[in-house]
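Chains as they are written, first to last, in numbering that gives the first Met the number 0: chain A, 0 to 159; chain B, 0 to 375.
In short, the hints are calculated from the structure, not lab data.
Hints may contain errors.
Below 25 Å or equal to it, Euclidean Cα-Cα: the simulated PhoX-like pairs (lysine-lysine) are [what the hints assert, rightly or not]:
1) A:K25 - B:K123
2) B:K265 - A:K26
3) A:K122 - A:K33
4) B:K123 - A:K26
5) B:K92 - A:K4
6) A:K83 - A:K143
7) A:K5 - B:K90
8) B:K123 - A:K74
9) A:K98 - B:K90
10) B:K69 - A:K74
11) B:K69 - A:K25
12) A:K89 - A:K33
13) A:K73 - B:K90
14) A:K5 - B:K314
15) B:K90 - A:K4
16) B:K123 - A:K147
17) A:K147 - B:K143
18) B:K123 - A:K143
19) A:K4 - B:K143
20) B:K5 - A:K98
21) A:K122 - B:K90
22) B:K22 - B:K5
23) B:K262 - A:K73
24) B:K92 - A:K5
If the Cβ cut is set under 7 Å, some of the chain A residues that face chain B in the computed set are [what the hints assert, rightly or not]:
25) I100
26) F113
27) Y114
28) I151
C-beta atoms are modelled at their ideal positions from N, C-alpha and C, and glycine is treated no differently.
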Amino acid sequence: MINSKKGLLIALATPIIALALLAGYKKYILSVGKEVTLSITGYDPRDLLSGRYLVYTINYGIGGICGGPAYKHKKPGYVCLEPKNFTYHKPNNCETMIKGICNRGGFEAGIERFYIPEGEARKLEDLVQTNDASIVLSITRNGKAQIKDLLINGKSWRDR
Amino acid sequence: MSRLDKMLSDWVANDLISDEQAKKITNHENYKPSHSWVLYGFLILGAATIGIGIISLIAANWNGIPDALKLFVDFALLIALASGSYFAWEKNKPIVFEVLLISFIILCLASIGLISQIYHTGGKLYQALLLWSIITAGVAAASKRSFVPFIWATGFLFGITFAALDSPAFQPIFQKHGSPVAMTIPLISALLAIICRRLGGEGGQTAALRSWTITGGLVALVIAELQLWRHRSIDLGIAAYLPGYVFAALTALGIGMSIDYKKAQKYLLLATLGLYLVPFHFPMFEIQHKISYAFCSVAILATMAVFLASLKHRKLFQIFLVALGIRFLVLYFQALGGLATTGFGLIISGTIIIAMVVVWNRYRKEITTWAEGLVE
Numbered sequence: 000m001i002n003s004k005k006g007l008l009i010a011l012a013t014p015i016i017a018l019a020l021l022a023g024y025k026k027y028i029l030s031v032g033k034e035v036t037l038s039i040t041g042y043d044p045r046d047l048l049s050g051r052y053l054v055y056t057i058n059y060g061i062g063g064i065c066g067g068p069a070y071k072h073k074k075p076g077y078v079c080l081e082p083k084n085f086t087y088h089k090p091n092n093c094e095t096m097i098k099g100i101c102n103r104g105g106f107e108a109g110i111e112r113f114y115i116p117e118g119e120a121r122k123l124e125d126l127v128q129t130n131d132a133s134i135v136l137s138i139t140r141n142g143k144a145q146i147k148d149l150l151i152n153g154k155s156w157r158d159r
Numbered sequence: 000m001s002r003l004d005k006m007l008s009d010w011v012a013n014d015l016i017s018d019e020q021a022k023k024i025t026n027h028e029n030y031k032p033s034h035s036w037v038l039y040g041f042l043i044l045g046a047a048t049i050g051i052g053i054i055s056l057i058a059a060n061w062n063g064i065p066d067a068l069k070l071f072v073d074f075a076l077l078i079a080l081a082s083g084s085y086f087a088w089e090k091n092k093p094i095v096f097e098v099l100l101i102s103f104i105i106l107c108l109a110s111i112g113l114i115s116q117i118y119h120t121g122g123k124l125y126q127a128l129l130l131w132s133i134i135t136a137g138v139a140a141a142s143k144r145s146f147v148p149f150i151w152a153t154g155f156l157f158g159i160t161f162a163a164l165d166s167p168a169f170q171p172i173f174q175k176h177g178s179p180v181a182m183t184i185p186l187i188s189a190l191l192a193i194i195c196r197r198l199g200g201e202g203g204q205t206a207a208l209r210s211w212t213i214t215g216g217l218v219a220l221v222i223a224e225l226q227l228w229r230h231r232s233i234d235l236g237i238a239a240y241l242p243g244y245v246f247a248a249l250t251a252l253g254i255g256m257s258i259d260y261k262k263a264q265k266y267l268l269l270a271t272l273g274l275y276l277v278p279f280h281f282p283m284f285e286i287q288h289k290i291s292y293a294f295c296s297v298a299i300l301a302t303m304a305v306f307l308a309s310l311k312h313r314k315l316f317q318i319f320l321v322a323l324g325i326r327f328l329v330l331y332f333q334a335l336g337g338l339a340t341t342g343f344g345l346i347i348s349g350t351i352i353i354a355m356v357v358v359w360n361r362y363r364k365e366i367t368t369w370a371e372g373l374v375e
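Generate coordinates for the entire structure from the input sequences, incorporating the hints supplied.
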């Protein structure tokens with residue numbers, strides 16, 4: 000369908016530009032967001048495209064997250080960390096909030112995975128389960144959260 | 000002895016062509032560049048294998064390499080492959096162009112995986128596939144062969160299928176039920192095939208989307224029928240089928256406006272489209288008779304077979320005839336029960352199949368010509 004030089008150049012450049020923008024956006028969230036550390040518990044599955052990762056439950060220190068009437072479908076939710084609160088609508092007086100989705104009674108904010116090197120997977124899984132593990136997040140003002148680091152007993156997993 | 004050699008010997012024996020002409024044809028066929036499809040096939044296989052190897056390497060998540068260096072190498076490779084593809088196209092090297100294009104498109108998917116790994120994003124595989132298919136749609140359109148568009152169409156349709164089932168945006172519409180999603184996806188594929196045909200002619204992307212329309216349509220019919228096998232008749236309401244209606248209407252419009260088909264062929268396609276929508280709505284009207292589903296699938300396969308015969312697509316026509324035969328066999332099992340009756344059923348079915356094969360073998364030319372004549 001594409002038969003011109005210009006068309007081919009656009010077709011080839013589009014994915015490179017889009018991927019660069021995606022990586023840049025992720026980097027931007029890390030640099031501008033507010034840093035927050037939350038404790039976790041977890042285990043180790045595998046993703047075909049990106050390798051091994053830890054999936055964990057984040058302890059937000061708030062009761063009743065995604066509670067109330069059982070919703071049949073996925074629904075947006077907001078966890079406010081300062082002051083601690085959960086709501087299905089965007090909170091007005093919240094210093095730091097995380098935007099996510101309530102799915103089958105659980106809260107998902109796209110921060111429930113930490114990708115780990117293949118060789119370290121088993122050791123890290125054991126460490127997370129037998130020690131105090133937490134994740135360091137970078138959270139933007141509009142509630143977009145991104146993972147910065149994984150801590151084992153308060154130290155980065157890389158520095159163990 | 001190759002098929003061509005056998006045909007040439009037959010033609011020479013029947014005085015249709017001379018010995019000299021047969022030799023000239025053999026020489027022409029042996030030395031023309033079309034034999035490069037073998038080379039192309041192996042090169043594509045090699046490129047695809049290297050691409051999967053790169054995905055695996057990225058997935059291993061090398062601890063000793065800094066994230067910035069991983070991203071730098073990844074983007075350098077992307078730029079090198081894109082530049083290579085461009086220069087291969089400019090220097091008119093079609094095979095090199097296609098091999099570099101397949102490597103590029105696979106590396107784009109691997110790059111999404113790498114970015115996801117470095118920034119620990121919690122996205123699903125279907126989200127990665129959708130993003131990949133959106134950003135590489137132009138690359139698939141640039142391909143002159145069918146492999147790159149086929150890979151692209153597969154990723155796009157799988158991505159959109161799982162998005163329809165899992166995404167919060169679509170869950171209130173489809174309510175996580177496979178039946179309305181299965182009905183809608185082949186219609187999206189059909190509409191895209193019509194658009195590609197209109198914009199770019201009979202290219203690889205049109206062929207890939209058309210193949211997926213047929214495959215997806217057949218799978219969707221099986222899913223519609225499985226609703227009944229699972230003894231579940233759930234009325235999802237009209238809203239779940241609304242996206243399907245929109246795509247069906249647009250597809251019908253595309254068929255109506257098509258310049259490729261004769262009037263009778265358009266009617267056949269529209270009839271197939273209409274019949275295709277019917278079995279998905281049986282739960283709505285509490286129709287749970289197996290015979291109703293069977294009637295619909297037999298009618299769809301038959302109209303499609305006649306349509307394909309009218310286009311002189313003999314191989315596809317024969318595939319649909321086989322599917323029709325299998326559907327009749329399944330219908331027989333559905334209609335009967337018990338070991339004795341099933342035993343008799345199998346004997347009768349086997350006899351019917353053998354009889355059908357004999358009749359087909361003896362009269363296939365007449366049957367195909369008759370089917371072609373239906374729409375002349």
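Hint check:
no.: 1; hint: A:K25 - B:K123; result: holds, 17 Å
no.: 2; hint: B:K265 - A:K26; result: violated, 53 Å
no.: 3; hint: A:K122 - A:K33; result: violated, 30 Å
no.: 4; hint: B:K123 - A:K26; result: holds, 20 Å
no.: 5; hint: B:K92 - A:K4; result: holds, 15 Å
no.: 6; hint: A:K83 - A:K143; result: holds, 17 Å
no.: 7; hint: A:K5 - B:K90; result: holds, 15 Å
no.: 8; hint: B:K123 - A:K74; result: holds, 17 Å
no.: 9; hint: A:K98 - B:K90; result: violated, 51 Å
no.: 10; hint: B:K69 - A:K74; result: violated, 36 Å
no.: 11; hint: B:K69 - A:K25; result: holds, 15 Å
no.: 12; hint: A:K89 - A:K33; result: holds, 18 Å
no.: 13; hint: A:K73 - B:K90; result: violated, 52 Å
no.: 14; hint: A:K5 - B:K314; result: violated, 39 Å
no.: 15; hint: B:K90 - A:K4; result: holds, 12 Å
no.: 16; hint: B:K123 - A:K147; result: holds, 20 Å
no.: 17; hint: A:K147 - B:K143; result: violated, 43 Å
no.: 18; hint: B:K123 - A:K143; result: holds, 17 Å
no.: 19; hint: A:K4 - B:K143; result: holds, 14 Å
no.: 20; hint: B:K5 - A:K98; result: violated, 70 Å
no.: 21; hint: A:K122 - B:K90; result: violated, 52 Å
no.: 22; hint: B:K22 - B:K5; result: holds, 13 Å
no.: 23; hint: B:K262 - A:K73; result: violated, 46 Å
no.: 24; hint: B:K92 - A:K5; result: holds, 18 Å
no.: 25; hint: I100; result: holds, 6 Å
no.: 26; hint: F113; result: holds, 5 Å
no.: 27; hint: Y114; result: holds, 4 Å
no.: 28; hint: I151; result: violated, 15 Å
When each numbered hint is compared with the structure, violations occur for hints 2, 3, 9, 10, 13, 14, 17, 20, 21, 23 and 28.
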